[in-house]
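Here the structure of chain A is known, so what remains is to put chain B in place on it, guided by the hints.
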Amino acid sequence: MQQRDFTIRELELKANDIRQSIIAMLLEAGSGHTAGPLGMADVFTALYFELLRHDPQNPSWEERDRLVLSNGHICPVLYATMAHVGYFPVAELQTLRKFGSRLQGHPHRDFLPYLENSSGPLGSGLSQAVGMAIGDRMDNGIATARTIYCLLGDGELDEGNNWEAIMLGGKEKLHNLIAIVDRNNIQIDGYTEDIMPLDSLTEKWQSFNWHVQEIDGNNMQAIIDAVNKAKAVFEKPSVIIARTIPGKGVKEFERKFEWHGKTPNKEEAAIALEELRTLGGKIKSEHQ
Amino acid sequence: MLNPDLKLNIKIFSDDVEQVPIRKGFGAGLVQGGESNKNIVALCADLTESTQMNFFKAKFPERFVEIGVAEQNLATVASGLAAMGKYPFFSSYAMFSPGRNWEQIRTTICYNDRPAVIVGSHAGVSVGPDGGTHQAIEDIALMRVLPRMTVISPCDAIQAKKATLALSANPRIAYLRLAREKTPIITTEDTPFEIGKGQILYRPDGLAQVAIVATGGLVANALRAANDLDKKGVKVIVANIHTIKPIDTDLLVQLAKETKAIVSVEEHQIAGGLGSAIAETLAKTYPVAMEFIGVQDRFGQSGTPQELIEKYGMGTDAIIAAVLKIIERK
Numbered sequence: 001m002q003q004r005d006f007t008i009r010e011l012e013l014k015a016n017d018i019r020q021s022i023i024a025m026l027l028e029a030g031s032g033h034t035a036g037p038l039g040m041a042d043v044f045t046a047l048y049f050e051l052l053r054h055d056p057q058n059p060s061w062e063e064r065d066r067l068v069l070s071n072g073h074i075c076p077v078l079y080a081t082m083a084h085v086g087y088f089p090v091a092e093l094q095t096l097r098k099f100g101s102r103l104q105g106h107p108h109r110d111f112l113p114y115l116e117n118s119s120g121p122l123g124s125g126l127s128q129a130v131g132m133a134i135g136d137r138m139d140n141g142i143a144t145a146r147t148i149y150c151l152l153g154d155g156e157l158d159e160g161n162n163w164e165a166i167m168l169g170g171k172e173k174l175h176n177l178i179a180i181v182d183r184n185n186i187q188i189d190g191y192t193e194d195i196m197p198l199d200s201l202t203e204k205w206q207s208f209n210w211h212v213q214e215i216d217g218n219n220m221q222a223i224i225d226a227v228n229k230a231k232a233v234f235e236k237p238s239v240i241i242a243r244t245i246p247g248k249g250v251k252e253f254e255r256k257f258e259w260h261g262k263t264p265n266k267e268e269a270a271i272a273l274e275e276l277r278t279l280g281g282k283i284k285s286e287h288q
Numbered sequence: 001m002l003n004p005d006l007k008l009n010i011k012i013f014s015d016d017v018e019q020v021p022i023r024k025g026f027g028a029g030l031v032q033g034g035e036s037n038k039n040i041v042a043l044c045a046d047l048t049e050s051t052q053m054n055f056f057k058a059k060f061p062e063r064f065v066e067i068g069v070a071e072q073n074l075a076t077v078a079s080g081l082a083a084m085g086k087y088p089f090f091s092s093y094a095m096f097s098p099g100r101n102w103e104q105i106r107t108t109i110c111y112n113d114r115p116a117v118i119v120g121s122h123a124g125v126s127v128g129p130d131g132g133t134h135q136a137i138e139d140i141a142l143m144r145v146l147p148r149m150t151v152i153s154p155c156d157a158i159q160a161k162k163a164t165l166a167l168s169a170n171p172r173i174a175y176l177r178l179a180r181e182k183t184p185i186i187t188t189e190d191t192p193f194e195i196g197k198g199q200i201l202y203r204p205d206g207l208a209q210v211a212i213v214a215t216g217g218l219v220a221n222a223l224r225a226a227n228d229l230d231k232k233g234v235k236v237i238v239a240n241i242h243t244i245k246p247i248d249t250d251l252l253v254q255l256a257k258e259t260k261a262i263v264s265v266e267e268h269q270i271a272g273g274l275g276s277a278i279a280e281t282l283a284k285t286y287p288v289a290m291e292f293i294g295v296q297d298r299f300g301q302s303g304t305p306q307e308l309i310e311k312y313g314m315g316t317d318a319i320i321a322a323v324l325k326i327i328e329r330k
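Protein chains in written order, with the working numbering: chain A, 1 to 288; chain B, 1 to 330.
Just chain A, same shape as in the assembly:
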């Protein structure tokens, strides 16, 4: 199992490394999504380096927690985090989206068996996580030690399949299930509240009998605290609405929906990497 002796500061720096990997792999791939992966780097870091029960040296360990990524298009952050935590070499990230790569444009278990699910078509990850949580409870009862996580985007909450899953999760009182919504307020065509208003998300989930927390999804301590609190909730599934800044870490990309589905060119990537290496100009990087 993963060592968990990182300080918050160390985790923040890992997230920063992961963001740099995301920029590098997207530049090399030439297509893919930028805003979501950068925005979710802190959540992925908290999960893989601190919160998940898993073992990168033994990926099929039966007692592991399960992590379902529903919005498969943010897979650069999944791949980068998995590489940094030791599932495969960081150098392999440069094969993203290339022919024969294990790192498919959207995650595919056939190519990368460490994944719990293949995804890309939106709206069906949470249902799979609900199924996993029910299956886990069938085997281990309500005192199960496993947690099933589902990461989903806010834009994909337009999909009706999600609300079917939310209803069933509430009905079944799946306390072994934690959903984390990337509430970054953007989707491909624009801002979520213009495309299809989602608020009040908190009230919606609460009315479906879920325990709801709203947090700053770019605050490492807040993420860890919220997940630990969710684990302590009994008789209800939990959702953490993680308010994140799309493109987080690169000022030129932040909060712009245009960066949802495009990748940086060489110049933009150089600016982004410079910003990340210097922590936004706060330090002089040794790489300079």
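Incorrect hints may have been included.
Unchecked claim - The calculated lysine-lysine pairs, modelled on DSS-like cross-linking and capped at a C-alpha distance of 30 Å, are: (1) B/260 x B/232; (2) B/59 x A/173; (3) A/236 x B/232; (4) A/171 x B/38; (5) A/266 x A/282; (6) B/7 x B/245; (7) B/197 x B/284; (8) B/182 x B/260; (9) B/57 x A/171; (10) B/284 x B/257; (11) B/59 x A/171; (12) A/173 x B/57; (13) A/236 x B/311; (14) A/173 x A/236; (15) A/236 x B/57; (16) B/232 x B/245; (17) B/24 x B/182; (18) B/182 x B/330; (19) B/24 x B/11; (20) B/231 x B/197; (21) A/173 x B/38; (22) A/204 x A/171; (23) B/311 x B/231; (24) B/325 x B/232; (25) B/231 x B/11; (26) A/256 x A/282; (27) B/257 x B/182.
Stated by the list, open to error - Simulated coverage check for chain A against chain B, where a stretch passes if three residues somewhere in it have a Cβ under 8 Å from a Cβ of chain B: (28) 10-23; (29) 135-142; (30) 273-283.
Quick caveat, the hints were computed from the structure, so don't treat them as lab data. Positions of the beta carbon are idealized from the N, C-alpha and C atoms, including for glycine.
Chain B alone, transformed into the frame defined by chain A:
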């Protein structure tokens, strides 16, 4: 005459042949399969009794999940259960599952490689009075295009039970097609069943001129047509293709070589169903003339099953006419 090796129901041509809905065999099979395979779980979308899942639910309540009227969730929750080592059977009307949740089946079950069985009950126009919205006549096509999918369409309730048991014993991704209406019992408990193996049910004395290749509830009509034709001196083989994918290529090639004329029979659109699968197979192995009995690019409507089978050209007379037509073409 009926193939003696298959130990078929000798009363099949009598007016008082026993008739049982095909779905009943599934209901009984799932309970028995669930006893020997503890990983089997069942999910239903508010049609537990209609799809005959109520028997499993009563016996194994802790292994049953009621999803509500939500077929997209039905397929995707099943995928999640399969990820935890369960072997889900999930049922609804075929029109809604796999009709409504095709993409979820493709991505979260097939692409994801999670063994699960989609049980589509009430397939075909023989659903009857409910009308065209509830008559799935496109489902074979939808399922057989999916990689990793096995497609099974049993000819009677006894075969449906055997198919369910065979699936229970060997987990895989499969579509099991069932019908609502009472259907004549063709096979017996002693009739062999093997997924992927077609069966020659009827063989005339002497050289056969045509092979009727049928699936599902219409196999009974195919047998009646062959029996009537036999009396008129027209020699016809009847084969039952209960597994549409993977299809029994060896049997089809054997029939094509022997008769040079195939009539496909199915309660499904002509496009994409059993007839298409046969044509695809024979076109690259041993091409012969074909006629297709099935729904001709139309939707169904309300009526009795018998009225609708006749209306859409799938009755015994229509099969006989197709046989005579293909003999003329030869």
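Hint-by-hint comparison with the structure:
no.: 1; hint: B/260 x B/232; in the structure: holds (20 Å)
no.: 2; hint: B/59 x A/173; in the structure: holds (23 Å)
no.: 3; hint: A/236 x B/232; in the structure: violated (70 Å)
no.: 4; hint: A/171 x B/38; in the structure: holds (25 Å)
no.: 5; hint: A/266 x A/282; in the structure: holds (23 Å)
no.: 6; hint: B/7 x B/245; in the structure: holds (25 Å)
no.: 7; hint: B/197 x B/284; in the structure: holds (20 Å)
no.: 8; hint: B/182 x B/260; in the structure: violated (33 Å)
no.: 9; hint: B/57 x A/171; in the structure: holds (18 Å)
no.: 10; hint: B/284 x B/257; in the structure: holds (13 Å)
no.: 11; hint: B/59 x A/171; in the structure: holds (22 Å)
no.: 12; hint: A/173 x B/57; in the structure: holds (20 Å)
no.: 13; hint: A/236 x B/311; in the structure: violated (53 Å)
no.: 14; hint: A/173 x A/236; in the structure: holds (4 Å)
no.: 15; hint: A/236 x B/57; in the structure: holds (24 Å)
no.: 16; hint: B/232 x B/245; in the structure: violated (34 Å)
no.: 17; hint: B/24 x B/182; in the structure: holds (9 Å)
no.: 18; hint: B/182 x B/330; in the structure: violated (36 Å)
no.: 19; hint: B/24 x B/11; in the structure: holds (20 Å)
no.: 20; hint: B/231 x B/197; in the structure: holds (29 Å)
no.: 21; hint: A/173 x B/38; in the structure: holds (24 Å)
no.: 22; hint: A/204 x A/171; in the structure: holds (15 Å)
no.: 23; hint: B/311 x B/231; in the structure: holds (26 Å)
no.: 24; hint: B/325 x B/232; in the structure: holds (15 Å)
no.: 25; hint: B/231 x B/11; in the structure: holds (17 Å)
no.: 26; hint: A/256 x A/282; in the structure: holds (23 Å)
no.: 27; hint: B/257 x B/182; in the structure: violated (35 Å)
no.: 28; hint: 10-23; in the structure: violated (count 0)
no.: 29; hint: 135-142; in the structure: holds (count 4)
no.: 30; hint: 273-283; in the structure: violated (count 0)
When each numbered hint is compared with the structure, violations occur for hints 3, 8, 13, 16, 18, 27, 28 and 30.
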